[in-house]
Amino acid sequence: MKAGSKVRAVRYGPVSLRLHPRALAVGAALLLVALAVALVNLTSGDFPLPASDVLRSLVGQGDAGTDFIVLELRLPRVLLTLLVGAALGAGGAVFQSLTRNPLGSPDFVGITVGAATGALVVMLILGGGGVQVATGAVIGCVATSVGIYLLAFRRGAQPFRLVLMGVGVSALLEAFNSYLIYRGRLDEAMAAQVWQIGSVNGRTWTEVTIVGVAVAVLLPIALYYGRQLTMLSLGDEMAVLHGVPVERSRIVLALAAVGLAAGATAAAGPIAFVALAAPPLAARLTRSPGAGILPAAMMGAALLTAGDWAAQHTLPGDDIPVGIITAALGGVYLTWLLIHERRTRG
Amino acid sequence: MRLRASDLTLAYDRRVVASNLDVSITDGSFTVIVGPNACGKSTLLKALARVLTPQSGAVHLDGRAISSYPSKEVARRLGMLPQSPVVPGGIVVEELVARGRFAHQRLLRQWSPEDEAAVADAMRLTGTEALADRFVDELSGGQRQRVWLAVALAQQTSILLLDEPTTFLDLSHQFEVLDLCADLHEQGRTIVAVLHDLNHACRYATELIVMRDGAVLAQGPPAEVMTAELVERVFAMPCRVMTDPETETPMIVPASRARRRALA
Chain Z
2 MKAGSKVRAV RYGPVSLRLH PRALAVGAAL LLVALAVALV NLTSGDFPLP ASDVLRSLVG
62 QGDAGTDFIV LELRLPRVLL TLLVGAALGA GGAVFQSLTR NPLGSPDFVG ITVGAATGAL
122 VVMLILGGGG VQVATGAVIG CVATSVGIYL LAFRRGAQPF RLVLMGVGVS ALLEAFNSYL
182 IYRGRLDEAM AAQVWQIGSV NGRTWTEVTI VGVAVAVLLP IALYYGRQLT MLSLGDEMAV
242 LHGVPVERSR IVLALAAVGL AAGATAAAGP IAFVALAAPP LAARLTRSPG AGILPAAMMG
302 AALLTAGDWA AQHTLPGDDI PVGIITAALG GVYLTWLLIH ERRTRG
Chain U
1106 MRLRASDLTL AYDRRVVASN LDVSITDGSF TVIVGPNACG KSTLLKALAR VLTPQSGAVH
1166 LDGRAISSYP SKEVARRLGM LPQSPVVPGG IVVEELVARG RFAHQRLLRQ WSPEDEAAVA
1226 DAMRLTGTEA LADRFVDELS GGQRQRVWLA VALAQQTSIL LLDEPTTFLD LSHQFEVLDL
1286 CADLHEQGRT IVAVLHDLNH ACRYATELIV MRDGAVLAQG PPAEVMTAEL VERVFAMPCR
1346 VMTDPETETP MIVPASRARR RALA
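Sequence order for the protein chains is Z and U.
Here this note's numbering runs 1 ahead of the position in the first sequence, where the first position is 1.
Here this note's numbering runs 1105 ahead of the position in the second sequence, where the first position is 1.
It is worth saying that the hints were derived from the structure and are not from the lab.
Backbone N, C-alpha and C define an ideal beta-carbon position, used for all residues, glycine too.
Be a bit skeptical, because a hint or two may be false.
Stretches of chain Z that chain U covers, calculated by requiring three or more beta carbons in the stretch to come under 8 Å of a beta carbon on chain U [said to hold, decoys possible]:
#1 162-176
#2 235-246
Pair ranges (Cβ atoms, derived) [what the hints assert, rightly or not]:
#3 Y183/Z x T1158/U: 16 to 26 Å
#4 L165/Z x E1178/U: 50 to 60 Å
#5 L339/Z x E1337/U: 14 to 24 Å
#6 I126/Z x L1212/U: 37 to 47 Å
#7 T336/Z x D1242/U: 51 to 61 Å
#8 L165/Z x D1242/U: 52 to 62 Å
#9 P1175/U x V16/Z: 52 to 62 Å
#10 Q133/Z x G1168/U: 56 to 66 Å
#11 T336/Z x S1129/U: 58 to 68 Å
#12 A1163/U x A37/Z: 35 to 45 Å
#13 L1212/U x A30/Z: 49 to 59 Å
#14 A1222/U x Y225/Z: 49 to 59 Å
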């Protein structure tokens, strides 16, 4: 393979930016793919609509019937898919870079399991629904993350300890989640189990707002700290030597990533695989070093919208939760990753 | 003195490596720290570069406690080549050297002409230009060491600390790196290096710091401090100190096996 992509300097007066043209092109292409699939998803369903009618509705020129189907029924789901995918991709990129581990994504280190615990407690013990479940998921997510951080903290939080603690905490919480479902009433347990698969079916503007706010606030913060994240990947010592405030940067980045994962999980349940696979897949395309938060976000959005299309079309007449599709793809990806790692390690 | 440590207690968790340690680095010197394994020389270097926080005492840089500076401010004055940096995957040499400019960059000044010039200079001085497009994790140990040196040089600090910069290098590359340090020193930088080879140390240092068990036993020009008694006391190695015929600096010749056996 030819060495990494070239860098271009863009200078204007005192402003100078360091750009990776290839990474920008890949990001833009992935965004276009995501939007194109999103458009296809807006046209398809029980009432197929031509793309032209959908576009007319989107710009406020449609008739009342089309408007209702597009703007009320389908748009929240499609937007949710894009935003959740982007949040998972970006959160995964930050986590994998912070832990310097391809398995260090929020779904692997127990953070989304913690979100599920929070949601299940609300559903099965407190008897809440809707926004309360989302709140429970966010609280569960943040509490689990803080717990893992404190457990792993020893002369600073070492990345590998974070992953190990995360896997351990994850196993404990899985057991607790199973117990909650086991002791629940049948109908509640069913609903909780479906929530745990992760789905964008029947979501409303409320969920869109939850994940939308998370992305709007936290993605810029993560991007702002992107250069620090790149330096942290050289090791703590090197980062200190080059003037990175290590512990502060790490906490800000981790909180932003936890928040992104929390927002996504609160809105759509714990959707597997996207946070794990989007960053390395994007990095393969951009061939640029560094965390690549933005391309990972675009890749996440493209993957999840494509997954949702597949969820609607795999089984005729059955709209299965997108979490099933991503979990299946995740299994394939993980197998490939393990085989590939073994080969490259000799 | 721009860089000075006073009354340091250095420890990893509860294992104390040094206590009541006072060290001053002479401005504009090429200081070489020598001592047996585990004597605390690398630990001292880490404390001087604020990578390791002392349990007590303080390191002062330009008259202020180093811990009171904003992180980037220190990184613009003092750089260090650590002993075994993490080798990141998927990154090419030029990109890695460019990261050495972090302390000089801001969100909207990510790649100024000065950055570009500093990276080009650092790569030229370390002879790594030909490696620019190679992946760092595919390089040999010696090439990698020169790349890391380039990263530290790109930082353009007037004080440069080097922790065993000649490890992994064959003889000619060892001298290349030492010559480069000497050049940088002649250009006015303060160099502090940890070296294992006493003869290299005596040839290049303007000042030696000799350590044992976390304490400084001697500090001064090699010709003044390097004696057979000191080497034997510090390294438990009988030897003779002669004059290096090339440089007229002290040259340590360890006693033969037979003589050491006779002395034991």
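| 8 Å C-beta criterion, at least three residues: is the segment 235-246 of chain Z covered by chain U | holds (count 10)
| request: Determine whether the Cβ-Cβ distance between Y183/Z and T1158/U falls within the hinted range of 16 to 26 Å. | output: Check failed, 49 Å falls outside 16 to 26 Å.
| task | Determine whether the Cβ-Cβ distance between T336/Z and D1242/U falls within the hinted range of 51 to 61 Å. | result | violated, 25 Å
| task | Look at the Cβ atoms of L165/Z and D1242/U and judge whether their distance stays inside 52 to 62 Å. | result | At 24 Å between Cβs, range violated.
| request: Starting from the hint 50 to 60 Å, judge whether the C-beta atoms of L165/Z and E1178/U obey it. | output: Given range 50 to 60 Å: violated, Cβ gap about 36 Å.
| query | Is it true that the C-beta distance of I126/Z to L1212/U lies inside 37 to 47 Å, as the hint says? | reply | holds, 46 Å
| message | Given a hint of 49 to 59 Å, does the C-beta separation of A1222/U and Y225/Z actually sit inside it? | response | Distance hint for A1222/U, Y225/Z is violated at roughly 27 Å.
| Does the Cβ distance between L1212/U and A30/Z fall inside 49 to 59 Å? | violated, 26 Å
| field | Stated coverage of the segment 162-176 of chain Z by chain U [criterion: 3+ residues, CB within 8 Å] | value | violated (count 0)
| field | CB-CB spacing for A37/Z and A1163/U relative to the 35 to 45 Å hint | value | violated, 60 Å
| Range hint 58 to 68 Å: satisfied by the CB atoms of T336/Z and S1129/U? | holds, 59 Å
| Would you say the C-beta atoms of Q133/Z and G1168/U sit inside 56 to 66 Å of each other? | At 58 Å between Cβs, range holds.
Violated hints, listed in ascending order, are 1, 3, 4, 5, 7, 8, 9, 12, 13 and 14; each of the other numbered hints is respected by the structure.
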